[in-house]
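Novice: Under this note's numbering, the first residue of the sequence shown carries the number 273, and numbering increases by one thereafter.
Treat the hints with caution; some may be incorrect.
Have a look at the derived ranges for each label pair, beta carbon to beta carbon [unchecked claim]:
1) 496 / 420: 19 to 27 Å
2) 399 / 367: 36 to 44 Å
3) 310 / 344: 17 to 25 Å
4) 305 / 446: 28 to 36 Å
5) 319 / 509: 43 to 51 Å
6) 297 / 422: 34 to 42 Å
7) 499 / 420: 14 to 22 Å
8) 311 / 335: 18 to 26 Å
9) 488 / 311: 27 to 35 Å
10) 322 / 419: 43 to 51 Å
11) 296 / 513: 43 to 51 Å
12) 365 / 388: 20 to 28 Å
13) 365 / 513: 13 to 21 Å
Derived from the structure by calculation, the hints contain no laboratory data.
The beta carbon of each residue, even a glycine, is placed where N, CA and C say it ideally should be.
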Amino acid sequence: MNAVLLGATRGMGRALARLLVERGDTVCLLGRNPTDLERSARDLQVRGALPAPPSAFPCDLARPETFAPALDAAAESLGRLETVIVTAADFASQADLEADPERARSLAAIDFANTVGFCEHARRRLLAAGGGTLCVFSSVAGDRARSPVVVYGAAKAGLSAYLEGLDHRYHRQGLRTVCVKPGFVRTSMTAGLAPPPFAGDPDRVARRVVRAIDCGRPVVYAPPVWRWIMLAVRNLPRAVMRRVEF
Numbered sequence: 273m274n275a276v277l278l279g280a281t282r283g284m285g286r287a288l289a290r291l292l293v294e295r296g297d298t299v300c301l302l303g304r305n306p307t308d309l310e311r312s313a314r315d316l317q318v319r320g321a322l323p324a325p326p327s328a329f330p331c332d333l334a335r336p337e338t339f340a341p342a343l344d345a346a347a348e349s350l351g352r353l354e355t356v357i358v359t360a361a362d363f364a365s366q367a368d369l370e371a372d373p374e375r376a377r378s379l380a381a382i383d384f385a386n387t388v389g390f391c392e393h394a395r396r397r398l399l400a401a402g403g404g405t406l407c408v409f410s411s412v413a414g415d416r417a418r419s420p421v422v423v424y425g426a427a428k429a430g431l432s433a434y435l436e437g438l439d440h441r442y443h444r445q446g447l448r449t450v451c452v453k454p455g456f457v458r459t460s461m462t463a464g465l466a467p468p469p470f471a472g473d474p475d476r477v478a479r480r481v482v483r484a485i486d487c488g489r490p491v492v493y494a495p496p497v498w499r500w501i502m503l504a505v506r507n508l509p510r511a512v513m514r515r516v517e518f
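Can you make the complete structure from the sequences, with help from the hints?
Specialist: In structure tokens form, the structure reads like this:
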């Protein structure tokens, strides 16, 4: 398949790009740092024994004006958009966000409003091409409001609801949405945080996500144990949630 990846220069995006290239898919990289994009493209060229590095174009979730040009360049490079994968996001601790209201506003805008804006550009292009897959990383943090992730969880809850709405509205027109809900994954975004039980490995999570894309599964938890953890959490009484630090 042809796949465009926003956020492919690090963490889960990098793991997914490597897996796709190694199995023979064609990828196009989008990211905000030109140096990281070039380095990642050359890494993929070596891993996939490609004659040339994959195409790469600048795109920054904090700058909505970059969305349309990046997707248009990707479509021209690939010939046709088949799959768009969004792993890019912002993250900060709840304590840091409470100490800096502007940081909290920025995170909420990037992880919800701007991600939705990018997805809307991708959705229109996929439907115009006859359909395709939009795979977006949300989070288990959006499944239930929790005190350690008030702002981040709210943004991800909105994103998950948006992706479900897209599935209801456009599935019959050929748009497949895959909402990825990872638990804690050991990446640069979580560096410095104490990993909880069931922490995920990027390569294993990537394999699970690619299987979901291949079969069109609309929601995928990774690692899979988080489906059952969050089922239990969603059913805890509010009085209990007020007391726990989870």
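Novice: Now, for every hint given, state plainly whether the structure supports it.
Specialist: Results for each hint:
1. 496 / 420: 19 to 27 Å: Holds - the Cβ-Cβ distance for residue 496 and residue 420, about 22 Å, lies within 19 to 27 Å.
2. 399 / 367: 36 to 44 Å: holds, 41 Å
3. 310 / 344: 17 to 25 Å: holds, 20 Å
4. 305 / 446: 28 to 36 Å: 33 Å Cβ-Cβ, so the 28 to 36 Å window holds.
5. 319 / 509: 43 to 51 Å: holds, 49 Å
6. 297 / 422: 34 to 42 Å: Given a distance of about 38 Å, which is inside 34 to 42 Å, the answer is holds.
7. 499 / 420: 14 to 22 Å: holds, 20 Å
8. 311 / 335: 18 to 26 Å: holds, 21 Å
9. 488 / 311: 27 to 35 Å: About 32 Å separates the Cβ atoms of residue 488 and residue 311, which means 27 to 35 Å holds.
10. 322 / 419: 43 to 51 Å: holds, 47 Å
11. 296 / 513: 43 to 51 Å: With Cβ atoms ~46 Å apart, the hint holds.
12. 365 / 388: 20 to 28 Å: Since residue 365 and residue 388 have Cβ atoms about 24 Å apart, the given range 20 to 28 Å holds.
13. 365 / 513: 13 to 21 Å: holds, 19 Å
Checked against the numbered hints above, the structure violates none of them.
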